[in-house]
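Colleague: Note that our numbering has the sequence shown beginning at 20, numbered continuously upward.
Everything labelled a hint here was simulated from the structure, so no lab data went into it.
Among the hints, erroneous ones may be present.
Taking lysine-lysine pairs in the DSS-like style, the calculated list, with each CA pair at most 30 Å apart, reads [said to hold, decoys possible]:
no. : residue 1 : residue 2
1   : K212      : K96
2   : K54       : K96
3   : K297      : K95
4   : K101      : K212
5   : K365      : K297
6   : K212      : K52
7   : K190      : K123
8   : K240      : K26
9   : K212      : K68
10  : K127      : K69
11  : K96       : K365
12  : K365      : K52
13  : K28       : K127
14  : K234      : K111
15  : K376      : K54
16  : K54       : K228
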Amino acid sequence: MNNSTNKLKIGVITFHRAINYGAILQVFALQEKLKELGTDPYILDYRNKKLEQHHKEMKLFDSKGIKGLIVYMLMKKNYNKKFNAFRDFSRKYINTSEPYYSLKELEKADSIYDKYVTGSDQVWNYAISNLDSAYFLSFTSNISKKNSYAASFGVKSLPEKETKEYYNLLKDFNNILVREKQGAKIINQLFNKNVDVVLDPTLLITKDKWFELAKDNLKFKYILVYAFGGSKYIMELAKNLSMMTGYKIIAISSTYRKSKNVRYIKTAGPEEFLGLFKNAEYIVTNSFHGTAFSINFNKQFFTELLPNSVGTNSRMEDILDLFDLRNRQILSSDSSVANFPIDYSKVNQILEIEREKSINLLKDIL
Numbered sequence: 020m021n022n023s024t025n026k027l028k029i030g031v032i033t034f035h036r037a038i039n040y041g042a043i044l045q046v047f048a049l050q051e052k053l054k055e056l057g058t059d060p061y062i063l064d065y066r067n068k069k070l071e072q073h074h075k076e077m078k079l080f081d082s083k084g085i086k087g088l089i090v091y092m093l094m095k096k097n098y099n100k101k102f103n104a105f106r107d108f109s110r111k112y113i114n115t116s117e118p119y120y121s122l123k124e125l126e127k128a129d130s131i132y133d134k135y136v137t138g139s140d141q142v143w144n145y146a147i148s149n150l151d152s153a154y155f156l157s158f159t160s161n162i163s164k165k166n167s168y169a170a171s172f173g174v175k176s177l178p179e180k181e182t183k184e185y186y187n188l189l190k191d192f193n194n195i196l197v198r199e200k201q202g203a204k205i206i207n208q209l210f211n212k213n214v215d216v217v218l219d220p221t222l223l224i225t226k227d228k229w230f231e232l233a234k235d236n237l238k239f240k241y242i243l244v245y246a247f248g249g250s251k252y253i254m255e256l257a258k259n260l261s262m263m264t265g266y267k268i269i270a271i272s273s274t275y276r277k278s279k280n281v282r283y284i285k286t287a288g289p290e291e292f293l294g295l296f297k298n299a300e301y302i303v304t305n306s307f308h309g310t311a312f313s314i315n316f317n318k319q320f321f322t323e324l325l326p327n328s329v330g331t332n333s334r335m336e337d338i339l340d341l342f343d344l345r346n347r348q349i350l351s352s353d354s355s356v357a358n359f360p361i362d363y364s365k366v367n368q369i370l371e372i373e374r375e376k377s378i379n380l381l382k383d384i385l
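Turn these sequences into a full structure, and let the hints steer you where they fit.
Modeller: Dropping the structure here:
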């Protein structure tokens, strides 16, 4: 650990070990912003048992026949390559603490850190971490050290049976900053107090800073698809845009579902991911961070709200409404929407105001 004594040591707890572009890049962004604000941040290398199962390399699945085995071997090879790219990025850019495997170990380390920040990401989503109290900073009894930045519940409302536990876990926080309006409503319902909604950390970093990290690999014009499942409209819209413009289609995907005339990139690390967004002519997505990076990078983009995904949709609706971009929501595969490009002069004004507001609120924590 760093021996510097003149800077506040900040312990940040979040989902830093996920093989997920948004997760790792929001960790990097919050860390960098905390450094810029004159602190000494460490990402607490906490190992939640449930989450660790998701972070492990691919498990065997029940596949029958030679074809299934071949598909599995190809997927495993690609996953391992992607896993290694994430690991290398983390080793190079993320300042992690020593590993902590339990609340007791975090409690013993409490004296090391001057303050804690939980967030960003869905650290308060009961379905992800089994309401692990570590993400609510229960390992410290010092209320002045307990803060959140852009923490998300990942749901529109709390189940009644969980309300009391959430109340007990959150009642002793010094400062609560959330990522979604819905999160602010939940806090208001629990404590009858108002809290501020702040930008996702990825939006605190300017596009020029992100571009310094980006790896540029493709030398032709393309339409980028970054989606998790979703409707048929996503790929249909991309193909219609391709027919209209002549641009190729690139898809970031780890699955083996194929679509004709689409080039799939399955092993991109975080730097390649940034490069693909940086150089795309159009972006079609249903990802929150896909939408956030599209806006930050001033891209012509289209976003689909996921069917039957209330929690995800609330954060997507919030970001589109904040920047007055609800007209970028995909409702069909009609590519004529491309004839109405985004005027980023207005969007960037909003981003600049919201970024300054969020950074000032982050300063107030420190």
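Colleague: For the pair we were handed, K127 and K69, check the Cα-Cα distance against 30 Å.
Modeller: 22 Å, holds
Colleague: For K212 and K96, compute the direct alpha-carbon distance and say whether it is at most 30 Å.
Modeller: 50 Å, violated
Colleague: Check whether the Cα positions of K190 and K123 lie no farther apart than 30 Å.
Modeller: The given pair, whose Cα atoms are some 21 Å apart, holds under the 30 Å limit.
Colleague: Between the alpha carbons of K240 and K26, is the straight-line distance 30 Å or under?
Modeller: Violated, at roughly 45 Å.
Colleague: What's the verdict on K297 and K95, does the C-alpha distance respect the 30 Å limit or exceed it?
Modeller: Roughly 28 Å separates the two Cα atoms, so the pair holds.
Colleague: What's the verdict on K376 and K54, does the C-alpha distance respect the 30 Å limit or exceed it?
Modeller: Judged against 30 Å, a Cα distance of about 18 Å means the pair holds.
Colleague: Given the hinted pair K365 and K52, is their alpha-carbon gap at most 30 Å?
Modeller: Distance ~24 Å between K365 and K52 Cα, so the pair holds.
Colleague: Would the pair K101 and K212 pass a check requiring their Cα atoms to be no farther apart than 30 Å?
Modeller: 43 Å, violated
Colleague: Under the criterion that the straight-line Cα-Cα distance not exceed 30 Å, is the pair K28, K127 satisfied?
Modeller: Holds, because 16 Å separates the two Cα atoms, which is no more than 30 Å.
Colleague: Sort out whether K228 lies within 30 Å of K54, counting only the CA atoms.
Modeller: 14 Å, holds
Colleague: Holds or violated: are the alpha carbons of K365 and K297 at most 30 Å from each other?
Modeller: 20 Å, holds
Colleague: Taking only the CA atoms, is the gap from K234 to K111 under or equal to 30 Å?
Modeller: 15 Å, holds
Comparing the model with each numbered hint stated earlier shows that hints 1, 2, 4, 8, 9, 11 do not hold.
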